[in-house]
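Participant: If you want the building blocks of each chain, they are given just below.
Protein chains: 2
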Amino acid sequence: MTDRSPLAPAAFPSLPAIAGVTLRTARAGYKAWERCDLTYVELDAGTAIAGVTTQSKCPSPEVEWCRDAIPLGSARALVVNAGNANAFTGHRGRAAVEAIAAKVANHLSCLPSDVFVSSTGVIGVPLPIDKAEAGLEAAFAATPCDWEAAATTIGTTDTYPKGASVSAMICGVRVELLGIIKGSGMIAPDMATMLGYIFTDAAIDPALLQQMLSAANKRTFSCITVDSDTSTSDTVLAFATGKAGNAPLTSMDDDGADAFHAALRDLCRQLAHLVVRDGEGATKFVEITVEGAESDESAHRIGLSIANSPLVKTAIAGEDANWGRVVAAIGKAGEPADRDKLSIRFGATQVATGGLAVEGYDEAPVAAHLKGQDIVIGVDLGLGEGRATIWTCDLTHGYISINADYRS
Amino acid sequence: MTDRSPLAPAAFPSLPAIAGVTLRTARAGYKAWERCDLTYVELDAGTAIAGVTTQSKCPSPEVEWCRDAIPLGSARALVVNAGNANAFTGHRGRAAVEAIAAKVANHLSCLPSDVFVSSTGVIGVPLPIDKAEAGLEAAFAATPCDWEAAATTIGTTDTYPKGASVSAMICGVRVELLGIIKGSGMIAPDMATMLGYIFTDAAIDPALLQQMLSAANKRTFSCITVDSDTSTSDTVLAFATGKAGNAPLTSMDDDGADAFHAALRDLCRQLAHLVVRDGEGATKFVEITVEGAESDESAHRIGLSIANSPLVKTAIAGEDANWGRVVAAIGKAGEPADRDKLSIRFGATQVATGGLAVEGYDEAPVAAHLKGQDIVIGVDLGLGEGRATIWTCDLTHGYISINADYRS
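Listed in order, the protein sequences are those of chains L and E.
With the first letter of the first sequence counted as 1, position 221 gets the number 221 in the numbering used here; the numbers rise by one all the way through.
Add 408 to the 1-based position in the second sequence for the numbering used here, that's all there is to it.
Hint data in this document are derived by calculation from the structure and do not stem from the laboratory.
By construction, the Cβ of each residue, glycine as well, lies at the ideal position given by its N, Cα and C atoms.
Treat the hints with care, as some may be off.
[Said to hold, decoys possible] Result set (DSBU-like, lysine-lysine): computed pairs, CA atoms no more than 35 angstroms apart in a straight line:
(1) L/Lys57 to E/Lys511
(2) L/Lys218 to L/Lys31
(3) E/Lys539 to L/Lys341
(4) L/Lys371 to E/Lys779
(5) E/Lys465 to L/Lys57
(6) E/Lys779 to L/Lys218
(7) E/Lys749 to L/Lys131
(8) E/Lys439 to E/Lys539
(9) L/Lys103 to E/Lys749
(10) E/Lys439 to L/Lys341
(11) L/Lys243 to L/Lys341
(12) E/Lys465 to L/Lys341
(13) E/Lys539 to L/Lys31
(14) L/Lys57 to L/Lys103
(15) E/Lys749 to E/Lys626
(16) L/Lys31 to L/Lys103
(17) L/Lys341 to E/Lys626
(18) L/Lys31 to E/Lys465
(19) E/Lys465 to L/Lys371
(20) E/Lys779 to L/Lys57
(21) E/Lys511 to L/Lys341
(22) L/Lys218 to E/Lys749
(23) E/Lys626 to L/Lys57
(24) E/Lys439 to E/Lys511
[Stated by the list, open to error] On the chain E side, residues computed to face chain L include the following (Cβ under 10 angstroms):
(25) Cys466
(26) Ala493
(27) Cys553
(28) Thr640
(29) Glu727
(30) Ile738
(31) Glu743
(32) Pro744
(33) Gly763
(34) Asp802
(35) His805
(36) Tyr807
(37) Ile810
(38) Asn811
Bound conformation, chain L alone (with noise of 0.2 angstroms):
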């Protein structure tokens, strides 16, 4: 790992083990590199599964494999190789997939498509079935290890491993949530591709939890960009393994489905913000509020205009409250937005309301603002109830000498 983020947390969390979870890791040796590459995660037999996955058109065989196994609604073990993202790499890159679904469900007795497997790294080479073979063996065989360890093992170009934990009440019964997350940019194609993983004891449908995955997604990981660029292998799968001995949650209307609902989105939002602070050269954490448009979807969009602008990201970098490019950057988004409606915040101080600068705002508490790590930008559009939070980071030098000195 290169230089931590300025960004990073202190230190990784202290998190739970969670019932019917066994981690371990070992070398695959799928770059010339003197580390652990491949994450094992065993299972215990009832876990539920739920998934979301990359929207792009062009998705590695392992966002496809995912994408059939997830709604069967079981799962028994998870495979995360590092350093190979096995994208765009034809029937080659199929067949790894299936041979280490083959060779997991040999082991534990269970059937393929309860054998979830993620790849990361440089596209266009099939993943070695070889490396990938060995790499298992030696994990089946090793010592199982701490969440630190896994969260380390899954990253790439990561600059710290990402994991947090929350837990909720169910009727009375405690259970426990908790993700590991890699990613350095939203997503960059080659070596920063986002997966996360959330394990839960909680007893829950796997369609109730999909439902809850999908909603908390709409509203976490789908609300970070880092660069614009999506990613060919996104993904974030839910497990829960049933051991916390609560009564099992069917539906949104049960008792305590409310609260797990809520630490779930909780959770993901840890995630996705931990992904943001360890964005490309980022050394501005940005929170992007959108408030009074026309609808939700339309203030989300509005959102990720600002949050995608090259200028309004480099205007950050250089602490320069250039509030022009933030209005540019509405004008392009192509939804609904009246110019002499719009007003807009940096910090809490207003610097631009009904269509022009407010004549001799005070500079200093925003000079100020924009001088620290956390940057608040808010827009209000004044059309109507529609509001969306997005986070991003600034663009920097960092970035450029990450991405033009990198060589695939």
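Use these hints to put chain E onto chain L, whose structure you have.
Facilitator: Chain E in isolation, oriented as in the chain L frame:
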């Protein structure tokens, strides 16, 4: 002007006079700089006008003024202010445009709607009416100047003045078409909005000129991007003085209409390329050709997705044949694409076909191509007949320096 772009042409071209067009410049002093910043163009009575303007939902009052006046079809003058975009300035910005049009209309004894106004520069500061009026007085009294002086005066962060000319034969009569343009990003809202002005001595009906300009715009100006940021002020106006003596063109079926249309499109393409070649921080000029899409519109959107991808642009800056990033950019475009039918080439070398890398392709010509200044990326989707060509530049440390270090 800062250091001349490495992609700039060797010199400003030799451009012919256009009968019925008189150029003058003056110092309005919109910024604290020692240079002319007001361009005043007088057009003889009978000049036809056509125009296209930004798609931004937050346009400048100049754009709104031009949109209202273009359909009336006639023009007597053009005023271009550099250093202040007058955008997002409410009723005071509108008043400045009206004052300029009124003053010129009084000077020329014409209608205010015959006066076209553009402004470029910082957003959010109303254009000072006193400076504009004093600048106009100075311009009225100034000695006429040449095209290079006018092309220089409309510029802001441009690193070189931009102009081009072509000619066409209409039923044996030679007509000249000539353009000047400014822009150094497609399109930065502060100091690099794109403003283009085309002048011809051809006699042509304004409705037909509009039809041809709109069509040419779709294939030229709409096909360039530096940083995906659309400006509040983008404007291209075409003026036809009718002094060449050709039989006036009134319909696409007229003899010579095809020749004029082709010449206009060629001129627009040349001007568009000049803007890309002055892209902020650019060191490579990139042509992206997309073929085999389901439609031309789909090809256009896929081309822009590739051209706007920060990861593709930084890979080109790094002279890296990273076709995986091209695949990812195609995948995220949201347009029909079949991973397993895709082909990609750099220069003349096919690097990926049928959904995977061309095994053992010769890397030497690819590396040599990427070391050059003119980069060609070809994509064949293998789905249909749709095609488009997009032009862009690479993304370098220079872009970050220009935009993160600029203070509004």
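Participant: Look at each hint and say if it fits the structure.
Facilitator: Outcome of the hint check:
1. For a cut-off of 35 angstroms, the pair hint linking L/Lys57 to E/Lys511 is broken: about 56 angstroms separates their Cα positions.
2. The straight-line distance between the Cα atoms of L/Lys218 and L/Lys31 is roughly 34 angstroms, inside the 35 angstroms bound, and the hint therefore holds.
3. Restraint check for E/Lys539 and L/Lys341: satisfied, since their Cα atoms lie roughly 29 angstroms apart, inside the 35 angstroms limit.
4. Taking the CA atoms of L/Lys371 and E/Lys779, the gap is about 39 angstroms. The hint is violated against a cut of 35 angstroms.
5. For the hint linking E/Lys465 to L/Lys57, the alpha-carbon distance of about 30 angstroms falls within 35 angstroms, and the restraint holds.
6. Our distance criterion of 35 angstroms between C-alpha atoms is broken by E/Lys779 and L/Lys218, whose separation comes to about 42 angstroms.
7. In summary, the hint linking E/Lys749 to L/Lys131 is supported, as the alpha carbons are separated by about 28 angstroms, within the 35 angstroms threshold.
8. Proposed proximity of E/Lys439 and E/Lys539 is supported: the alpha carbons are some 10 angstroms apart, at most 35 angstroms.
9. About 30 angstroms separates the Cα atoms of L/Lys103 and E/Lys749, which keeps this hinted pair within 35 angstroms; it holds.
10. Among the hinted pairs, E/Lys439 with L/Lys341 is consistent with the structure: their alpha-carbon atoms are about 28 angstroms apart, no more than 35 angstroms.
11. Restraint check for L/Lys243 and L/Lys341: the C-alpha separation of about 53 angstroms exceeds 35 angstroms, so the hint is violated.
12. Pair hint E/Lys465 plus L/Lys341 holds up; C-alpha atoms about 12 angstroms apart against a cutoff of 35 angstroms.
13. Straight-line distance between C-alpha atoms of E/Lys539 and L/Lys31 comes to about 64 angstroms, which puts the hinted pair past the 35 angstroms bound.
14. Proximity of L/Lys57 to L/Lys103 is assessed by CA-CA distance (about 29 angstroms); at most 35 angstroms being required, the pair is judged to hold.
15. A C-alpha spacing of about 28 angstroms is found between E/Lys749 and E/Lys626, which places the hinted pair at or below 35 angstroms, so the restraint holds.
16. At most 35 angstroms may separate the alpha-carbon atoms for a hinted pair to count; L/Lys31 and L/Lys103 meet this at roughly 22 angstroms.
17. Pair hint L/Lys341 plus E/Lys626 holds up; C-alpha atoms about 31 angstroms apart against a cutoff of 35 angstroms.
18. About 48 angstroms separates the Cα atoms of L/Lys31 and E/Lys465, which puts this hinted pair outside 35 angstroms; it is violated.
19. Simply put, E/Lys465 and L/Lys371 have alpha-carbon atoms about 31 angstroms apart, close enough for the 35 angstroms limit, and the pair holds.
20. For the suggested pair E/Lys779 and L/Lys57, the alpha carbons sit about 31 angstroms apart, so the restraint of at most 35 angstroms is met.
21. For a cut-off of 35 angstroms, the pair hint linking E/Lys511 to L/Lys341 stands: about 30 angstroms separates their Cα positions.
22. Straight-line distance between C-alpha atoms of L/Lys218 and E/Lys749 comes to about 31 angstroms, which keeps the hinted pair within the 35 angstroms bound.
23. This hinted pair checks out: E/Lys626 and L/Lys57 have alpha carbons roughly 26 angstroms apart, not beyond 35 angstroms.
24. Among the hinted pairs, E/Lys439 with E/Lys511 is consistent with the structure: their alpha-carbon atoms are about 22 angstroms apart, no more than 35 angstroms.
25. At about 3 angstroms, the closest approach between the beta carbon of E/Cys466 and any beta carbon in chain L falls short of 10 angstroms, and the interface hint on this residue holds.
26. For E/Ala493, the interface hint holds, the least distance from its beta-carbon to any beta-carbon of chain L being 8 angstroms, beneath 10 angstroms.
27. A cut of 10 angstroms between beta carbons decides the hint on E/Cys553: the least distance to chain L is about 31 angstroms, and the hint is violated.
28. Annotation: E/Thr640 was flagged as interfacial toward chain L, and the flag holds, the nearest CB pair being 6 angstroms apart, inside 10 angstroms.
29. Against a cut-off of 10 angstroms between C-beta atoms, the interface hint on E/Glu727 holds, since the closest Cβ of chain L lies about 9 angstroms away.
30. The restraint placing E/Ile738 at the interface with chain L holds, with a minimum CB-CB distance near 6 angstroms, inside the 10 angstroms limit.
31. The criterion of a C-beta within 10 angstroms of any C-beta in chain L is met by E/Glu743, whose closest approach is roughly 7 angstroms, and the hint holds.
32. Taking 10 angstroms as the C-beta contact cut-off toward chain L, the hint placing E/Pro744 at the interface holds, the least distance being around 7 angstroms.
33. Annotation: E/Gly763 was flagged as interfacial toward chain L, and the flag holds, the nearest CB pair being 5 angstroms apart, inside 10 angstroms.
34. Of the supplied interface hints, the one on E/Asp802 holds, with its beta-carbon coming within about 8 angstroms of a beta-carbon of chain L, less than 10 angstroms.
35. With a least beta-carbon distance of about 5 angstroms to chain L, the hint placing E/His805 at the interface is held under the 10 angstroms criterion.
36. A distance limit of 10 angstroms between C-beta atoms decides the matter here; for E/Tyr807 the minimum to chain L is near 7 angstroms, and the interface restraint holds.
37. Interface hint at E/Ile810: satisfied, since its Cβ lies 8 angstroms from the closest Cβ of chain L, which is below the 10 angstroms cut-off.
38. Because the smallest distance between the Cβ of E/Asn811 and any Cβ of chain L comes to about 4 angstroms, under 10 angstroms, the interface hint for this residue holds.
The structure fails hints 1, 4, 6, 11, 13, 18, 27 (numbered hints given earlier, in ascending order).
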